[in-house]
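2 protein chains.
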Amino acid sequence: MNRERHIASAFDRDLETVQALVVKMGGLVEAAITDAALALETRDDELAEDVRRRDRSIDLLEAQVNEEAARLIALRSPTATDLRLVLTVIKISASLERVGDYAKNIAKRSNVLAHMPVIEGAGMALRRMSSTVEKMLKDALDSYVHRDAALASDVRARDLEVDQMYNALFREFLTHMMEDPRNITACMHLHFIAKNIERMGDHATSIAEQVVYLMSGALPDESRPKRDSVSRAGIPDSED
Amino acid sequence: MNRERHIASAFDRDLETVQALVVKMGGLVEAAITDAALALETRDDELAEDVRRRDRSIDLLEAQVNEEAARLIALRSPTATDLRLVLTVIKISASLERVGDYAKNIAKRSNVLAHMPVIEGAGMALRRMSSTVEKMLKDALDSYVHRDAALASDVRARDLEVDQMYNALFREFLTHMMEDPRNITACMHLHFIAKNIERMGDHATSIAEQVVYLMSGALPDESRPKRDSVSRAGIPDSED
Numbered sequence: 597m598n599r600e601r602h603i604a605s606a607f608d609r610d611l612e613t614v615q616a617l618v619v620k621m622g623g624l625v626e627a628a629i630t631d632a633a634l635a636l637e638t639r640d641d642e643l644a645e646d647v648r649r650r651d652r653s654i655d656l657l658e659a660q661v662n663e664e665a666a667r668l669i670a671l672r673s674p675t676a677t678d679l680r681l682v683l684t685v686i687k688i689s690a691s692l693e694r695v696g697d698y699a700k701n702i703a704k705r706s707n708v709l710a711h712m713p714v715i716e717g718a719g720m721a722l723r724r725m726s727s728t729v730e731k732m733l734k735d736a737l738d739s740y741v742h743r744d745a746a747l748a749s750d751v752r753a754r755d756l757e758v759d760q761m762y763n764a765l766f767r768e769f770l771t772h773m774m775e776d777p778r779n780i781t782a783c784m785h786l787h788f789i790a791k792n793i794e795r796m797g798d799h800a801t802s803i804a805e806q807v808v809y810l811m812s813g814a815l816p817d818e819s820r821p822k823r824d825s826v827s828r829a830g831i832p833d834s835e836d
Numbered sequence: 597m598n599r600e601r602h603i604a605s606a607f608d609r610d611l612e613t614v615q616a617l618v619v620k621m622g623g624l625v626e627a628a629i630t631d632a633a634l635a636l637e638t639r640d641d642e643l644a645e646d647v648r649r650r651d652r653s654i655d656l657l658e659a660q661v662n663e664e665a666a667r668l669i670a671l672r673s674p675t676a677t678d679l680r681l682v683l684t685v686i687k688i689s690a691s692l693e694r695v696g697d698y699a700k701n702i703a704k705r706s707n708v709l710a711h712m713p714v715i716e717g718a719g720m721a722l723r724r725m726s727s728t729v730e731k732m733l734k735d736a737l738d739s740y741v742h743r744d745a746a747l748a749s750d751v752r753a754r755d756l757e758v759d760q761m762y763n764a765l766f767r768e769f770l771t772h773m774m775e776d777p778r779n780i781t782a783c784m785h786l787h788f789i790a791k792n793i794e795r796m797g798d799h800a801t802s803i804a805e806q807v808v809y810l811m812s813g814a815l816p817d818e819s820r821p822k823r824d825s826v827s828r829a830g831i832p833d834s835e836d
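Top to bottom, those sequences are chains A and B. Count along the first sequence from 1, add 596, and you get the number used in this note's numbering. Count along the second sequence from 1, add 596, and you get the number used in this note's numbering.
Some hints could be false.
Note that the list lumps identical chains together, so a pair holds whenever it fits in one copy or between two copies.
Calculated lysine-lysine pairs in the DSBU-like style (CA-CA distance at most 30 Å, straight line) [as the list claims (entries may be wrong)]:
id	residue 1	residue 2
1	Lys734	Lys620
2	Lys791	Lys687
3	Lys734	Lys687
4	Lys791	Lys731
Think of the hints as simulated: they come from the structure by calculation, not from any bench.
Starting from the given sequences, assemble the full structure and let the hints guide the process.
The following block contains the structure:
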């Protein structure tokens, strides 16, 4: 959306303030993903604790985005197009807040897993998966800030990769459980972590879809990757 | 919120139109929950298919709510209080859409589970859990429509019950898996279904919280049951 205004309006300035909050939120959420995955792989209880504590700041930022966005609408009575920009910010911050919750949940499970048998290779695979998702999330936010529809489409396409990583892990954890019942509890937690990361990917995709909506006025529907991945959730392709 | 206007304004009429859409959405989502649980328990492939198909109508209604709400804001430039009512409708319909996705996912797993060994009692326990959640969702929507803060608080309190049901099922499925590795795959799916129902409960709670927000201007924070239940997710109390 090439907003051709020669003088920045009061609306534009206010919107930038709200967008800056969302970018800040994005930074905190990305750090939470990285640290949660690292804490899991290195069994670092303190780092996991830290991730859990920091989630509060993310929640507060979301509340702030909602307040500011509502204030902006009430104060500036934006046009239809500008209004859409503001409503998108609200949706994006809601997605970021959910991703933050997932990172917190991973950190919590990481604390639990630190006292269970190690499942060889799981920590590394999950960290790889989470760094893929973190990059998606970063690009989704960038596509919003720069109104970059091509980048947004790219993010949507990458969600399939995350789903494949998830399916591979699902099968791997099943194998570990069948081989040795003592692995079952640990694998259940690892599996939930993989699922949480996959859901983070869904949220990054959903942010990218908001950008598409913003620039075209319509959500991509029929062939929406997110819809598919939600229903595919947890059911590897082989069973699909 | 006792809106003391002697003559219904254009805003009020428009808001009622949007609210009617949300109530309709609520009805479809409640039916999806009931039918998904029934299809699972009775291994009714056709009913499960039907639930999956019907999710499309729920998605379309959400898009319609978003459109109408945006149109309403642009057209009527509502005051701060009225604006909050509209933003709440958007958030509530987003929650309903997610619950619909979970029901669809349950239906999909139900199709898969129909070809696996029966886990005694699981279908009934899951149906009980889902009917508790369905009631919560119904009451959460009623609390919105009637601006009933007491009912909203009641819904929030009931989320703990759902969490307890989930924790009990988590332990039960673990036991089945340890007893016989041939149960592992089925139990993984059943476990995800239990988790999906628990998440539906989180969304009902989140709708109730929107009502609290609507009537007080502040989300209940520190002791928010939803926050807790997200982090508690999947980790039974004994491990907590």
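Hint check results:
1. Lys734 x Lys620: Within one copy only: 12 Å inside a chain, 36 Å across chains, cut-off 30 Å.
2. Lys791 x Lys687: So lysine 791 and lysine 687 pass the 30 Å test inside a copy (22 Å) and across (24 Å) alike.
3. Lys734 x Lys687: both (16 Å within a copy, 24 Å between copies)
4. Lys791 x Lys731: Both. Shortest intra-copy (17 Å) and inter-copy (27 Å) distances satisfy the 30 Å Cα cut-off.
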